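Chains Y and R supply the protein sequences, listed in that same order.
Each residue of the first sequence is one higher than the one before, starting from 1 at the first, in UniProt numbering.
Each residue of the second sequence is one higher than the one before, starting from 1 at the first, in UniProt numbering.
Just so you know, the hints here were simulated from the structure itself, not pulled from any lab data.
Note that the structure is predicted; figures quoted are calculated from it, not measured.
Beta carbons: idealized from backbone N, C-alpha and C, even for Gly.
Possibly wrong hints are sitting among the right ones.
In silico contact screen, one side only, chain Y against chain R (beta carbon under 10 Å); selected entries [unchecked claim]:
no., residue
1, V14
2, L30
3, Q43
4, G53
5, M56
6, C59
7, Q96
8, T114
9, Y137
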Amino acid sequence: MSYAISVNGQVHHVEDDGQTPLLWVLRDTLKLSGTKYGCGAAQCGACTVHVDGKPMRSCTLSLERASSARITTIEAVEGADVRAIQDAWVAHDVPQCGFCQSGQVMSAIALLRTVEKPTDRDIDLAMSGNLCRCATYNRIRAAIHDAASKLGTPT
Amino acid sequence: MSWRASAFGNWRRRLKVGVLSVLGLIVVVGAGGLAYALYPRTMPQTQSIEIKLQPAEVERLRLASDFAAIADLNERSVALFEEAGRVIQHPRCMNCHPQTDRPTQTDAMRAHVPWVTRGLDGGGASTLRCSTCHGDTNFEPSGVPGNPTWMLAPIEMAWQGKTLGDICRQLLDPTRSHMTREELLRHMTEDELVGWAWHPGANRRPVPGAQAEFGALIKAWLETGAACPP
């Protein structure tokens, strides 16, 4: 069956089973490989994308459901908060192996869009679904605080 | 030649023969190992695993009419609720009636992974909603269960760690259940999220019987005076 799916501002016509996880449509059909496959069971957060602005796990979202939403992936997410996160990630040298980082960044952006100045607990609540096997959690937390403070600083 | 020179010559010969033997052994073993490693053989092929997730067997629930033989109304009411308790205290129901802010999962009722919290409305924290992972329906490719109203029961309706009698008294207390008896019956009989427990998807074990049978037990329990087990 054919589905029209809006990804990163572009409408794509995808011919696939409606139950195909969005993750595979992104990676295999649309060749957007920035979104990673970690566990395939919504346990790790590596496949996080924004669906109508909300962070969601693309491994457990069907193509059929996704076709009625606006999808944004790591390749095209943008804004002042995105740049702040990017700068903080570089400044704190956050990634180690880097595999989980696109999911971490997508969740961190969504967090800053919901909570302007997140506390440690806010960060724990929002980021607990994103696992990092290199255990870069302390650097992720520091980078989110840093990005939040930079966003709050008038230029 | 003195006896000393003869002994020295023997020692040198013995050393030479000994070292050469060891070296020879190493060469032979090395060559053998190399030949074994390089000998062409068929590489192991990927094999499909035949084991598949089997749908869990549906357990039977005794019907409300099965209790008609109990003459004592109070006794019958307790028996009806105890049978309904097989559903109420099943992990499919208990997992979302935790006594903390964190749900549990699986038949072992272990803490939910990832770490999540109930939030203000039972639907998760504002930055990590239940809907981040749980959709409107069970999603077979990932095994993640779903329902349009996926959420935790209010903390006043915590069932975990309580006896069936305590749960019973809690259900009948509108300040904790937030439901009248009519609403309670409707919740048990018609609520879609309650109904999920009979269709949990993947290889999750459904609760016994059918929702209509469970509803009939609750109805009969209420009609017989809603007596609670001790």
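Hold the hint about V14 of chain Y up to the distance rule: shortest CB distance to chain R must be less than 10 Å.
violated (16 Å)
Hey, does the Q43 of chain Y contact hint survive, CB to chain R under 10 Å?
holds (6 Å)
How about G53 of chain Y: closest beta carbon in chain R under 10 Å, or not?
Nearest chain R Cβ about 12 Å off; hint violated.
With 10 Å as the cut and Cβ atoms as the points, is M56 of chain Y at the interface with chain R?
Status holds, d = 6 Å.
Hold the hint about Q96 of chain Y up to the distance rule: shortest CB distance to chain R must be less than 10 Å.
violated (20 Å)
Given C59 of chain Y as an interface hint, is the shortest Cβ-Cβ distance to chain R below 10 Å?
OK, holds: C59 of chain Y within 10 Å of chain R, min 5 Å.
Would the stated hint for L30 of chain Y survive a check requiring a Cβ distance to chain R of less than 10 Å?
violated (18 Å)
With a cut-off of 10 Å, does the beta carbon of Y137 of chain Y approach a beta carbon of chain R closely enough for the hint to hold?
violated (12 Å)
Residue hint T114 of chain Y, partner chain R, criterion CB-CB below 10 Å:
Since the shortest Cβ distance to chain R is 5 Å, the answer is holds.
The structure is inconsistent with the numbered hints 1, 2, 4, 7 and 9, although it conforms to all the rest.
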